[in-house]
Amino acid sequence: MSAHRYWIKNWRFITDPFLRQYGPIYFGDQHEPRKLWLAFDLSTQQLKSMTIDENLDIVHEASVHFDSDLPEFRTTDGVIHSSDDNHCVHAPVLMWIKALDICLDRLRINGLDYGEVIGVSGCSQQHGSVYWKRNSRSTLNNLNSSKFLSEELGQCFALYDSPVWMDSSTSHQCQRLESDLGGAEVLIRISGSKAYERFTGNQIAKIIETKPEVYQQTERISLISSFLASIFIGDYAPIDQSDGSGMNLLDIRKKTWDKVVPSSKIIGNISNYYVERYGFNDKCYVVAFTGDNPATIAGMSLGPNDVAVSLGTSDTIFIHLPHLDEKIKLNPSRNGHIFCHPIDQNHWMGMICFKNGSLTRPIFAIERSSRESRILNGDQTDVKRRILVSGGASRNRSVLQVLADVFNLPVFRNPIKESACYGSALIARWAGIKDTDSIGYYQMIEKIQNEFELITEPSNDSKQIYSLEMLERFRKLQNQIATENIDHK
Numbered sequence: 001m002s003a004h005r006y007w008i009k010n011w012r013f014i015t016d017p018f019l020r021q022y023g024p025i026y027f028g029d030q031h032e033p034r035k036l037w038l039a040f041d042l043s044t045q046q047l048k049s050m051t052i053d054e055n056l057d058i059v060h061e062a063s064v065h066f067d068s069d070l071p072e073f074r075t076t077d078g079v080i081h082s083s084d085d086n087h088c089v090h091a092p093v094l095m096w097i098k099a100l101d102i103c104l105d106r107l108r109i110n111g112l113d114y115g116e117v118i119g120v121s122g123c124s125q126q127h128g129s130v131y132w133k134r135n136s137r138s139t140l141n142n143l144n145s146s147k148f149l150s151e152e153l154g155q156c157f158a159l160y161d162s163p164v165w166m167d168s169s170t171s172h173q174c175q176r177l178e179s180d181l182g183g184a185e186v187l188i189r190i191s192g193s194k195a196y197e198r199f200t201g202n203q204i205a206k207i208i209e210t211k212p213e214v215y216q217q218t219e220r221i222s223l224i225s226s227f228l229a230s231i232f233i234g235d236y237a238p239i240d241q242s243d244g245s246g247m248n249l250l251d252i253r254k255k256t257w258d259k260v261v262p263s264s265k266i267i268g269n270i271s272n273y274y275v276e277r278y279g280f281n282d283k284c285y286v287v288a289f290t291g292d293n294p295a296t297i298a299g300m301s302l303g304p305n306d307v308a309v310s311l312g313t314s315d316t317i318f319i320h321l322p323h324l325d326e327k328i329k330l331n332p333s334r335n336g337h338i339f340c341h342p343i344d345q346n347h348w349m350g351m352i353c354f355k356n357g358s359l360t361r362p363i364f365a366i367e368r369s370s371r372e373s374r375i376l377n378g379d380q381t382d383v384k385r386r387i388l389v390s391g392g393a394s395r396n397r398s399v400l401q402v403l404a405d406v407f408n409l410p411v412f413r414n415p416i417k418e419s420a421c422y423g424s425a426l427i428a429r430w431a432g433i434k435d436t437d438s439i440g441y442y443q444m445i446e447k448i449q450n451e452f453e454l455i456t457e458p459s460n461d462s463k464q465i466y467s468l469e470m471l472e473r474f475r476k477l478q479n480q481i482a483t484e485n486i487d488h489k
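Take the sequence shown: its position 20, counting from 1, is numbered 20 in full-length UniProt numbering, and each next residue is one higher.
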C-alpha cells in the first residue's frame, strides 16, 4: 500500500511516516464541500501558509521556521553569511523545498482537505534568484508523487545557494549598469529604481562574471516567487510584473521584458503530483506568485487614499500611484522604488524600504520617509486619508504616534497578522472570479477594509512641529552625520 494513503469520506487516515506519530484524524460529518484558496509566503526566516474561504476568513494556517525546523542547513535567521565576504548572503534552495514538503503535511494535520482548494497562489522575499540546471524542466514535468519534492528536485539546480535580498556584494555591477545607461536617473526612469546591490539583474551579472560555469549549466533563472510557482504547476512559471519590477531589468511603463504576466494571472492547473499525493482537485488553478511587498499591498487592502507601513525585519512604506506624473519622470527619487501594481494593471506602487529597520528604527528614518513619499507621489500626499500599519512593531503605540504626527494622518492597524500570505490568498480568490463576475477587487475586499482598527490620531500640534522648515533642518543634520561617518572610516 502507498505510504501516502488517505480515505476521503467521513474518516480520513494519514499514514505518511512523517506524520504517523499523530495517528488518525477525524474530520467530522461531510457536507457540501467548501471552497478554499491556498497561499504560501516564502519569507526570509520561514515558510508560511494559509487558506481562506468565500467570506475571506482564514481557515487553516501552518508554518515552517528554517532555523529550528531545518537545523541541518545551519542558517541564522534563515540565511547564511559567506565566511569569505560578509556582504554575500545566501540561502539553500533545498531548504526551501524541504520546508514546502513539511508545510504541506502540516496543513493536512491541521485539517485541510486539499480537494476543497479551488486556487493556489503565493509570494516570496523579493530580488532573490534561483538557477535551474539544464534538463530540469523534464524533472518538473514528471514529478513522482510517491516521493518528497526534496527527493525529486534535489539535483535540479546549477547553484544550490541562492543570493537573497540581504546580499550587498554587487557594487561593481551596479556602478557599471548605471554608467552604461547614462546615469542613475536614466535607470530609474526605465526600471523605477536606481541600481541596488540586492536587485536580481546585478546579482545575475555577478554570477556570469564570477561563476561562469554555473551560468553555463543554467537552463532557466527564476525569481524566488516564480521558482515556488514552478513547483506547483510542474513547469517553469513566468515572472509577474510586480515582482519583476525589483530586478533593474523591467521597463515599468511599457511592461516589456521577456514574458511577464499580471500578478493575478492564472498560469495553469496544479501539477498532477499534488493531485496524486495530497488529493488536490485536478481543476485547481495556480496563480502567478509575486513578491512579498506587492502581496502585502493586496493583504493590507491599500487604496488610493492610504499610506501603508509595514514594521518588520525591514521598515517599508507603500503608496498607491494611479499614474506616473511628470515630477516622477523628471525628478526621480533615488531612495525609493516604483513597481507595477499587483492588482491594478494600469497603476503602480511606490515603496521605500529601510533595511534592518526593526533593529535600528531611528526617528529620522520615519521623518525622511515622509519627505520621500511626497516625492514618489508627486507632492500629492495631501490627498491621503489614513495610514495602515502591520508587522510586529505595529503593537508599539509610541511608534504609531510618531507616524500619525509626522504624516498628520490617523493610524489604523491591520487585524491580519500575515499580510503578505493573506494578500496572496486574496489574489488567488480574485483571479478565479475577475473575468466572470462584475465585482472588482476593492469591492471584494470591502469587508476587510471596514475591519481596520483606529489606533491613534495626530497630536494637535503635530502639523506645526513637523513643518517643512523642521524637515529641512533635520535633513542638514542627517547629511552632517553622514559626512562625519565618512570622515571617520
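Hints may contain errors.
What the hints assert, rightly or not - Only pairs whose alpha carbons sit at most 16 Å apart, straight line, appear in this in silico EDC-like list of lysine to aspartate or glutamate:
id, residue 1, residue 2
1, Lys265, Asp344
2, Lys35, Asp282
3, Lys417, Glu116
4, Lys147, Glu116
5, Lys133, Glu54
6, Lys35, Asp85
7, Lys447, Glu54
8, Lys206, Asp282
9, Lys35, Glu54
10, Lys206, Asp161
11, Lys434, Glu54
What the hints assert, rightly or not - Distance windows between CB atoms, simulated:
id, residue 1, residue 2, range
12, Glu213, Ser150, 39 to 45 Å
13, Ser138, Asp101, 17 to 23 Å
14, Leu477, Ser171, 51 to 57 Å
Since the hints were made in silico from the structure, they are not lab data.
All C-beta atoms in this analysis are idealised placements derived from N, C-alpha and C, irrespective of residue type, glycine included.
Each hint tested on the structure:
For the hint linking Lys265 to Asp344, the alpha-carbon distance of about 12 Å falls within 16 Å, and the restraint holds. Simply put, Lys35 and Asp282 have alpha-carbon atoms about 14 Å apart, close enough for the 16 Å limit, and the pair holds. For the proposed pair Lys417 and Glu116, the alpha carbon gap of about 24 Å is over 16 Å, so the pair is violated. Using a Cα cut-off of 16 Å, the hinted pair Lys147 and Glu116 is violated, with the two alpha carbons roughly 23 Å apart.
A threshold of 16 Å between alpha carbons decides the hint, and for Lys133 with Glu54 the separation of about 40 Å lies outside it, so the pair is violated. Taking the CA atoms of Lys35 and Asp85, the gap is near 49 Å; set against the 16 Å cutoff, the hint is violated. For the proposed pair Lys447 and Glu54, the alpha carbon gap of about 12 Å is at most 16 Å, so the pair holds. The straight-line distance between the Cα atoms of Lys206 and Asp282 is roughly 41 Å, outside the 16 Å bound, and the hint therefore fails.
The suggested pairing of Lys35 with Glu54 holds, with an alpha-carbon distance near 7 Å, which does not exceed 16 Å. With a CA separation close to 14 Å, the supplied pair Lys206 and Asp161 stays within the 16 Å bound. For a cut-off of 16 Å, the pair hint linking Lys434 to Glu54 stands: about 14 Å separates their Cα positions. Separation of Glu213 from Ser150 is about 24 Å and departs from the stated range, judged on CB atoms against 39 to 45 Å.
In this structure, Ser138 and Asp101 meet the distance hint of 17 to 23 Å, their C-beta atoms being roughly 21 Å apart. Look at Leu477 against Ser171: about 27 Å separates their beta carbons, and that is not inside 51 to 57 Å.
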